[in-house]
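Residue strings, one per chain:
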Amino acid sequence: RKEVEQDPGPFNVPEGATVAFNCTYSNSASQSFFWYRQDCRKEPKLLMSVYSSGNEDGRFTAQLNRASQYISLLIRDSKLSDSATYLCVVNLLADRGSTLGRLYFGRGTQLTVWP
Amino acid sequence: DAGITQSPRHKVTETGTPVTLRCHQTENHRYMYWYRQDPGHGLRLIHYSYGVKDTDKGEVSDGYSVSRSKTEDFLLTLESATSSQTSVYFCAISDLGGWYTEAFFGQGTRLTVV
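Protein sequences appear in the order of chains A and B. If you read the first sequence in this note's numbering, its first letter stands for residue 2, the second for the next number, and so on. If you read the second sequence in this note's numbering, its first letter stands for residue 22, the second for the next number, and so on.
Treat the hints with care, as some may be off.
Only pairs whose alpha carbons sit at most 20 Å apart, straight line, appear in this in silico PhoX-like list of lysine-lysine [to be verified]:
id: 1; chain 1: B; residue 1: Lys91; chain 2: B; residue 2: Lys78
id: 2; chain 1: B; residue 1: Lys78; chain 2: A; residue 2: Lys3
id: 3; chain 1: B; residue 1: Lys32; chain 2: A; residue 2: Lys43
id: 4; chain 1: B; residue 1: Lys91; chain 2: B; residue 2: Lys74
id: 5; chain 1: A; residue 1: Lys46; chain 2: A; residue 2: Lys80
Please keep in mind that the hints were generated in silico from the structure rather than gathered at the bench.
From just these sequences and the hints, can you work out the full model?
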């Protein structure tokens with residue numbers, strides 16, 4: 002079983018739409034959570050970290066539900082430039098108290114925003 | 022952008038030959054990682070390093086070895102390349118092992134084994 006599971010999509014939405022991505026993780030000891038964005042044939046880049054209380058950055062809102070081991074990303078008012086693959090990422094520490102972490106990536110969810 | 026470069030950016034090699042990919046950073050980050058990315062699999066960790074000469078295996082380490090003799094360089098070697106190792110390879114760096122710190126990626130190396 003993969004550490005991180007994502008719906009691969011693709012999601013095709015019109016400009017201005019609201020779209021939500023979901024992700025589940027298998028290890029309850031996972032410590033930190035992120036959404037990365039990857040453009041076609043480019044390297045992944047951090048979109049936002051995901052905190053327990055939920056956090057917002059402009060049109061993007063991330064939520065974490067530790068009890069359900071579930072992470073979400075909501076994009077409001079979609080722009081053409083939001084077209085990309087969104088990667089759910091979980092950091093699992095090697096040992097309690099350790100700072101040595103391994104990042105586990107979901108397979109990514111592909112989003113296309115059309116005019 | 023973080024100072025991380027991968028070389029070569031593209032390579033075609035023959036089955037059975039050894040191949041070394043280089044990752045170089047100028048950020049003095051402690052942690053360095055090698056991932057491969059394949060359709061349907063996403064990013065999978067090959068090996069990682071948490072300091073000079075300190076390395077460990079990831080989830081798909083068979084057929085790969087790594088070395089880190091300096092903080093700034095992390096080498097990935099395919100000991101005897103196979104067609105199944107055709108992939109895009111990404112190097113990444115981070116300061117605190119990913120604990121709510123950003124991991125920065127290199128631009129990737131596209132490797133084709135024929």
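How the hints compare with the structure:
Restraint check: the Cα-Cα separation between Lys91 of chain B and Lys78 of chain B comes to about 19 Å, which is no more than 20 Å; the hinted pair holds. This hinted pair checks out: Lys78 of chain B and Lys3 of chain A have alpha carbons roughly 17 Å apart, not beyond 20 Å. Our distance criterion of 20 Å between C-alpha atoms is met by Lys32 of chain B and Lys43 of chain A, whose separation comes to about 17 Å. This hinted pair checks out: Lys91 of chain B and Lys74 of chain B have alpha carbons roughly 8 Å apart, not beyond 20 Å.
Distance restraint check for Lys46 of chain A and Lys80 of chain A: the Cα-Cα separation of roughly 18 Å lies within the 20 Å cut-off, and the hinted pair is therefore satisfied.
In summary, the structure agrees with every hint in the numbered list given earlier.
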